[in-house]
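Student: So the sequences go chain by chain: A and B.
In terms of the working numbering, the first sequence opens at residue 1 and continues consecutively.
In terms of the working numbering, the second sequence opens at residue 1 and continues consecutively.
No lab work stands behind these hints: they were computed from the structure.
Just so it is clear, the structure is predicted and the values come from calculations on it, not from any experiment.
Backbone N, C-alpha and C fix where the C-beta goes; we use that ideal spot for every residue, glycine too.
Treat each hint with caution, since some may be false.
What the hints assert, rightly or not - Listed next, with one range per pair, are the computed distances between beta-carbon atoms:
#, chain 1, residue 1, chain 2, residue 2, range
1, B, R5, A, R12, 17 to 27 Å
2, A, D40, B, T2, 49 to 59 Å
3, B, T81, A, E62, 17 to 27 Å
4, A, V78, B, G136, 17 to 27 Å
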Amino acid sequence: MHEMMVADSLLRIILQECQGRGAKPSGARISCGQLNAINDEVLMFALEAIAKGTLCEGIRLEVEHKPLQAECHACTAVFGVDVDLPKCPRCGGDDFRLLPDAPLVLESIEFNEA
Amino acid sequence: MTMQRLDIGQKILSENERWAAENSRLLADKGLVCFNLISSPGSGKTSLLVRTIRDLMGQVRIGVIEGDIQTDLDAQRIRATGVPAVQINTQGGCHLSAAQVGGALRQLPLDGLDLVFIENVGNLVCPGAFELGEHGKIVVLSVAEGDDKPAKYPAIFAKARAMLINKIDMLPSGTVDFDMAKAQHEARRLNRGMAIFPISAKTGEGCAPWCQWLEAESRRLKALQGPQANTEPTAY
């Protein structure tokens, strides 16, 4: 349920941006890595709940999950990690270094303008 | 009606990251090393801390930040060993935030310490997503929870610097089914370099290698501080 704190931070950032423009947002797009452990439904539910009564009430949320990347120690290939069966797709090796996971980012906000 | 898209590109947890960086600076200023203990509820984090504090008494000066939803029972157990402990009650929150830890750090007598442990709220998912400014995460798994936890909760096992497999005193009786090799293999699938210590906080078995690692790792991390303090890149 850390999605509640994520939703709270997200709402605050979106509201700041909206107040500057004096406009009501219709949607937002965020991206996250595999290790942020974000459950889309829980995050959307949390955002919907705390956005009530604000400019963000009814906002649509789109979540892009970025793959976890790793570098193979044997053949130096950089590849997207299958967390359930992590191995290098080029040489089959299982000795690799995880690259920094993508952070949680508010990518964009959408506004419907007349 | 037209749709307009405004590109933002801002980290959502930037406020937490700001606090984590502040905590990291404070720890560096005081020459302290800090580890964040993460596990399910009931894995024995507090018992492990009590055992570790007693085993390192007179060698390493330890302070503890306790995170729980309610009560200060864990802080009381730590204080009974004679070391300082600050309790954070999250009032329902499923993890500690860097701001909460920043407040607690300032209540500890930092000038008289070498090492700070943060005992996070018992939860194998959420605490792993929030940086606190610590030097590393240590995940605790007890054999009673089952050997499939590393496969089911990969994120925290991928991020941890070390794993303690606690309650190994339960294994000989056969009351729990726990495949030690499987748990270790799956924990290391995403984190080959992770140090692993089978341990019993109750009997003390396996505590010596853990304490040796803790002392060596603390020395290594402390040596990295100074002008280059805490600039070691965190992978996550």
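Student: Going back to the hint list, which numbers does this structure go against?
Tutor: Result: hints 2, 3 break, sorted rising.
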